[in-house]
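Listed below are the residues making up each chain.
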Amino acid sequence: MRRETKKKAGAGVLEVFRETGRFLKTAFGSLISIEFATVLLPLLALWELAPRLGWVPRTLVPPVSRVALTLWDLFAHQGFIGHIGISLGRFALGLGVALATALPLGVLMGWNVFFRKHSLPLFQLLAPVPPPAWVPITIVVLGVGLPMQTYLIFLGAFYPILFNTYQGVKDTDPRYLASARVFGASEWTLVRHVYIPHALGSVVMGIKIGIAMGLVMLIIAEMHGGRAGLGYLLLESKEYFQIDRMVACMVVLGAIGWFLIEVMKYVEAKLALWRVGR
Amino acid sequence: MIEARNITRFFSVVNDDRTADGVTAVLSVSLGIPDGKFVSLVGPTGCGKSTFLEILAGLQAPTEGDVWIDGRRVLEPLPASRKEMDAYRRKYRFLSPIANSLFRDSPKHDIAMIFQDYAVFPWMTALQNVAFTLKLRGVPRRQREDLARRYLARVGLAGSETKYPAQLSGGMRQRLAIARALSVEPKIILMDEPFAAVDAQTREKLQEELMDLWGGTGRTVVLVTHDIDEAVYLSDEIVVFSPQPGTIRNRIPVDVPRPRRRDDPELSALRERILAIYRQDAEHLADWSI
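Protein chains in written order, with this note's numbering: chain A, 534 to 811; chain B, 713 to 1002.
You may find that some hints are simply not true.
Unchecked claim - What follows is a list of derived Cβ distance ranges for each label pair:
#, chain 1, residue 1, chain 2, residue 2, range
1, B, 794, A, 677, 54 to 60 Å
2, A, 637, B, 881, 37 to 43 Å
3, A, 679, B, 794, 26 to 32 Å
4, B, 911, A, 704, 27 to 33 Å
5, B, 862, A, 784, 58 to 64 Å
6, B, 874, A, 544, 20 to 26 Å
7, A, 802, B, 725, 38 to 44 Å
8, A, 679, B, 874, 45 to 51 Å
9, B, 874, A, 674, 51 to 57 Å
10, A, 571, B, 815, 55 to 61 Å
11, A, 802, B, 987, 49 to 55 Å
12, B, 809, A, 651, 34 to 40 Å
13, A, 637, B, 921, 40 to 46 Å
14, B, 874, A, 661, 42 to 48 Å
Claimed, not checked - Negatives, chain A to chain B, calculated, CB over 12 Å:
#, residue
15, 565
16, 594
17, 648
18, 717
19, 720
20, 768
21, 774
22, 786
23, 793
As the list claims (entries may be wrong) - Negatives, chain B to chain A, calculated, CB over 12 Å:
#, residue
24, 722
25, 733
26, 756
27, 766
28, 817
29, 820
30, 822
31, 828
32, 986
33, 995
If you're looking for bench data, these hints aren't it; they were derived computationally from the structure.
Using N, Cα and C, we set each Cβ at its ideal position, and we do this for glycine too.
With the hints as extra help, turn the sequences into a complete structure.
Structural data, given as structure tokens:
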């Protein structure tokens, strides 16, 4: 009996490893290809050679090898992991709050005309305010700290997720609704089994845009106060004129954004298996 | 027993030159369909027969008149005056009039419907599609899968249970829609041009299968079609609609015993008769249309 459960757990772990492998393969597959290498390698070579041969001033543009060494130094001796972890924590908090509010609101607005008419104009009025414009008032009201950072990241991610969810749910094909209704589906069942699966593509699209906007707001928030995080590190490097460190931070930020988008792609492919056959 | 009393459906439309206009899709149609009958509604395209079927199913409210199924009204007609309209809007503020209920899965009437373009859910496998309708009818979770498999096998889809509709051919998708409709064992099946989108051979085969599945179950079937051959081959009675606005032009009983042969001379005579009605309507359109 015990051995059996152990075996099952073993199979489960194996399956997780296999899935992770599959994910990494599809994620890195587009990066590691001969076609892309023919573009990437010359660019890297140019980046390395241009400062070294004096085509651009070396004090302003650090060669790629220098950036790589700085990156290594940051990771090994300067607690870079900690900064990244703090930034990611803040980002996850802000994005989590945005998801938890925007998804239900979007579904509600797409599903119900009464609710839509009462709430949509408000969001349409508020959404065009560029999220960075909220920074001063947020600092005044919430002070400098986690609430302010969370709020700013939330603000960046909220509207894209909300509007894409709303649009996807609203555009649900009425034929599917009619056929479910004839068989007796309640509105709650319609939301769970018809509206949401139908809107899935645009919801994931919204989350992708939300991730990009959230990262923008993360850096802006961290640049305005705080003693840790990637944005803080960037600003600090500017004060000390450490261009290689700035570039290293930018490289890491790019990698984080790319990775999160790949995760979303993977989630979409897993949830919308039915699209694959098309 | 389905009883439609004086069903009229009027749509407001906007012309190309931005003037307001109205279209009467269905005009004052009264029709009683007894239990266990196979009735076809035929007519030229755009004569409002599909609208009429949707009104029967409760997917649209009629402008006037009402439909009764076994003594219960399907939908109240749309309000006529501004004041009534405001009251109607207020009443259905949160839930649309065609919604069933907020949380409880239960159909208002024992109806199943098959749509022209199948309307099976593309995000569910064949098995999940059938199991979903079973769930809506309150079949316990444990029995759903077995039952769904049985109905899929009955329409010849055994072995395709895990396929998504996108992986099925048009004919197979229509079979899935039929399995889904049959699985809830409804008293009434409404079909909106179910075989219009498949090729001629598949269509004939599906018709035969439909006949086999329907025979002896005592179900009422209402079939909307523009294929006269299909109508005369399948039905007990044919209701011919006139071109716009849709009214009942003629009701023709088909008293040919089953099983029927497609080349039965009686059937071709009926077909000629219906075609003659069509032709006359087309020629004299201006004489009586409003």
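How the hints compare with the structure:
1. 794(B) with 677(A): 54 to 60 Å: Distance hint for residue 794(B), residue 677(A) holds at roughly 57 Å.
2. 637(A) with 881(B): 37 to 43 Å: Between residue 637(A) and residue 881(B), where Cβ atoms are some 39 Å apart, the hint holds.
3. 679(A) with 794(B): 26 to 32 Å: Roughly 55 Å apart at Cβ, these two residues miss the hinted range, so it is violated.
4. 911(B) with 704(A): 27 to 33 Å: Since residue 911(B) and residue 704(A) have Cβ atoms about 31 Å apart, the given range 27 to 33 Å holds.
5. 862(B) with 784(A): 58 to 64 Å: holds, 59 Å
6. 874(B) with 544(A): 20 to 26 Å: Given a distance of about 21 Å, which is inside 20 to 26 Å, the answer is holds.
7. 802(A) with 725(B): 38 to 44 Å: holds, 43 Å
8. 679(A) with 874(B): 45 to 51 Å: Because 47 Å falls inside the window, the suggested range holds.
9. 874(B) with 674(A): 51 to 57 Å: At roughly 54 Å between Cβ atoms, residue 674(A) and residue 874(B) fall inside 51 to 57 Å, so the hint holds.
10. 571(A) with 815(B): 55 to 61 Å: holds, 58 Å
11. 802(A) with 987(B): 49 to 55 Å: holds, 53 Å
12. 809(B) with 651(A): 34 to 40 Å: Violated: the Cβ-Cβ distance is about 20 Å, outside 34 to 40 Å.
13. 637(A) with 921(B): 40 to 46 Å: Between residue 637(A) and residue 921(B), where Cβ atoms are some 44 Å apart, the hint holds.
14. 874(B) with 661(A): 42 to 48 Å: holds, 47 Å
15. 565: The claim holds: residue 565(A) sits with its nearest Cβ about 31 Å from chain B, beyond 12 Å.
16. 594: Holds, since 50 Å exceeds 12 Å.
17. 648: Violated, since 8 Å does not exceed 12 Å.
18. 717: violated, 3 Å
19. 720: violated, 5 Å
20. 768: holds, 46 Å
21. 774: holds, 55 Å
22. 786: holds, 35 Å
23. 793: holds, 25 Å
24. 722: holds, 20 Å
25. 733: At about 23 Å from chain A, residue 733(B) clears the 12 Å cut-off, so the statement holds.
26. 756: holds, 23 Å
27. 766: violated, 8 Å
28. 817: Contrary to the label, residue 817(B) does not stay out of reach of chain A, its closest Cβ about 5 Å off (not over 12 Å).
29. 820: Given a closest Cβ separation of 8 Å, the condition is violated.
30. 822: violated, 9 Å
31. 828: violated, 9 Å
32. 986: holds, 29 Å
33. 995: Correct as stated: the minimum Cβ-Cβ distance to chain A is 36 Å, above 12 Å.
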